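The listed protein sequences derive, respectively, from chains A and B. One point on numbering: in my numbering, the residue at position 225 of the first sequence is 230, and numbering is uninterrupted. One point on numbering: in my numbering, the residue at position 22 of the second sequence is 409, and numbering is uninterrupted.
None of these hints come from the bench; they were simulated from the model. What you are looking at is a predicted structure, and each value in this text was computed from that prediction instead of being measured. Using N, Cα and C, we set each Cβ at its ideal position, and we do this for glycine too. All the given hints hold, so there is nothing to weed out.
Here are some chain A residues pointing at chain B (derived, C-beta under 7 Å): (1) Tyr64; (2) Ser65; (3) Ile69; (4) Thr101; (5) Arg104; (6) Thr184; (7) Glu185; (8) Pro219; (9) Phe311; (10) Arg315; (11) Phe426; (12) Tyr427; (13) Leu428; (14) Glu429; (15) Leu430.
Below, each chain spelled out in residue letters.
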Amino acid sequence: MKRIALVGSPNAGKTTLFNALTGLRAKTGNYPGVTVDRRQGRLVVEGETIELTDLPGTYSLHAISEDEAIAVRVLKGELEGEPAPDGVVIVADATTLERSLPMIAEVLLLGRPTLLALTMVDELKARGGDIDLFKLQGALGVPVIGVVGNRGLGVGDLRDRLPEPEQWSPAKELPEGDTESRFAWADRLLERVTRHPLSESTLTRRLDNFLLHPFFGGLAFLAFVTFFFQAIFTWAGPAMDFFAGAMDGLAEATQATLPSGWFTNLLADGVIRGVGAVFVFIPQIALLFALILFFEASGYMARAAFVVDRMMGWIGLEGRCFIALLSSYACAVPGVMATRSIPSPKDRLATILVAPFATCSARLPVYALLIAAFIPADKVLGPITWQGLTLMGLYLLGALSAVVFAAIFKRGMLRGASLPFYLELPPYRFPSFTSLGLQVWRRVKMFISRAGRVILTGSIVLWFLLHFPANDPPAGMSEGEGQAWVIEQSYGADLGRALEPVFKPLGYDWRINVGLVGSFAARELMVSTLAQVYAYEGNGDQEYAGMSERITTPDPATGEAPVSLATGLSLMVFFVYAMLCISTLAVVRRETNSWRWPLFMLGYMSVVAWLAAFVTYRIAL
Amino acid sequence: MNPPVGTLTLADLRRFGVARVQRVVGEGSTAERLRELGFTPGTEVCFVRQAPLAGPIVVSLRGYQLCIRTSEALLVEVVSPGDMQGSPSTRLRGYQPDDEERTA
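Kindly produce the complete structure, drawing on both the sequences and the hints.
What follows is the structure, given as structure tokens:
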């Protein structure tokens, strides 16, 4: 087997080429101890197996970030348990050779068998440029192959060369010394091999004049944000409903076919709905990454970061953090996964830590219930109602809190030397859909294999908590009463009662505490758990109206409503801040490679949620 | 680390439109990265645009466009193009060798 590494700067088309060579056979993993993607794939050429590694993009071999450091260590064979690769393929954009040749020289100086794959040769030609590849090959010594990754041109030639790295001719004529002398060497070399210089990309210039215009560019950015938001919020909806519906149907079918008993219920409600809780994220994650990768590959994402960088700078973050925060409004799970495009580990961590404050779609059912129960539907002004204003207030509170806490983290524990901010604005390009599809597929696979296990385990544990030890209601009870009885006897109820001293100051009794325990699997489960606790039977359209009536109607025995206004308001604020989502914790664990940060997150968000809800309760009482 | 008064940096580029790099100040990893991105002495740098509210700037050099913040731009000292001789890198704009010269 031959081990070959792909190295090159960001935007050079490295991943597109990797995908064209390996297709579905590639796997994404992690390098030990760091959160850097390890992309590897195998291909067989003329009987020889080749293991291809797509190294993180780097502008130089003097690494300044974690992922660059990994690329350099792999190239030099310094990674533990991994000898240096048998061959190195440098991937360089033919239109920016003037900048990348010095780094090519650096890689060649390592002395490994090396091949240079020049990408975007079609674009070079379209912009009037012409480079003599034979002369370049002659000057560098190593084989040079021109490719167009997204259309597969030249990929076959490259593939045929991969089995025999030892036959790639050695490099020659290399510059020694510092960066400056390498650039001088590159300039001289390019003079010799350039038949015709390329002109500026007029399409890019024209598009930028509009998309980055001080006024129209702002509008374009707003349109982009609206589109993005709308897409992940609504387009993923039908697919998510489909998964949820399919799983519900399967769960019901299981209950109908198998003999009734706790095991059947575990299978139906715990396992199948637990798997459903994992699956329901897939459409959103797939769509989000499809959009992010599309805008990234087309060149707009870097521009969006440029437009918004100033504002993100005020809170100590940078432009690239914006998309992750925006995505978190649909769901913090894909939002946290989207932080991978942020190069600075500190900015990335700060973004992850505040992402759950964004009002995700799972909070909406809870807000809808509480608002319907406690906020009058009266009009304030025109079509604006108190209910609408309250919902807006909750959104704003979440957004403001994310900003404030990001600023606090960046000025506090995540302060200190961060990476220099620079961002290449590549020409606008049309992305390769095959390559995008493969990348989305790998993301989804990674989510299922890593976060999926924790979510599934968590759902099953919560099911046990809410259904054991007694799961056989006495005869004569209606279904709703039976469910309420089971929950009342459950470990979850014990937990709810045990939590009473903690939540009493916020106005919550053990029933609401059980709801909070249930909402740990997913926030929206608060509504269905409460419905079970209060033995409310009803579903579909009447659920919110009926439930809100149920929890606000005074008990004839005591004359008190199950949930008071002050408790309702306190709950709303609690849901703005509380880290009630094992899926997010699982994904943060996966993205930060330790339990430390998810636990910290759970801790600080719980404290903030408790304090904020306490203040709200006291004021409202 | 602000440069001495009177020294021009990339942060002033907007006023000139085009300038040549004199040097990148400092030895740290940020300065070294700026050199590796192509800000070597004599390199021609063109102002392209600036984000609203005194945001980051986009410059073009060595055939590509780069967006940097003012804090990084202050590290790159420049001179106006006439003040420096013998500079390479005019490939992107202006320099058009004719084909006969090439084939000769």
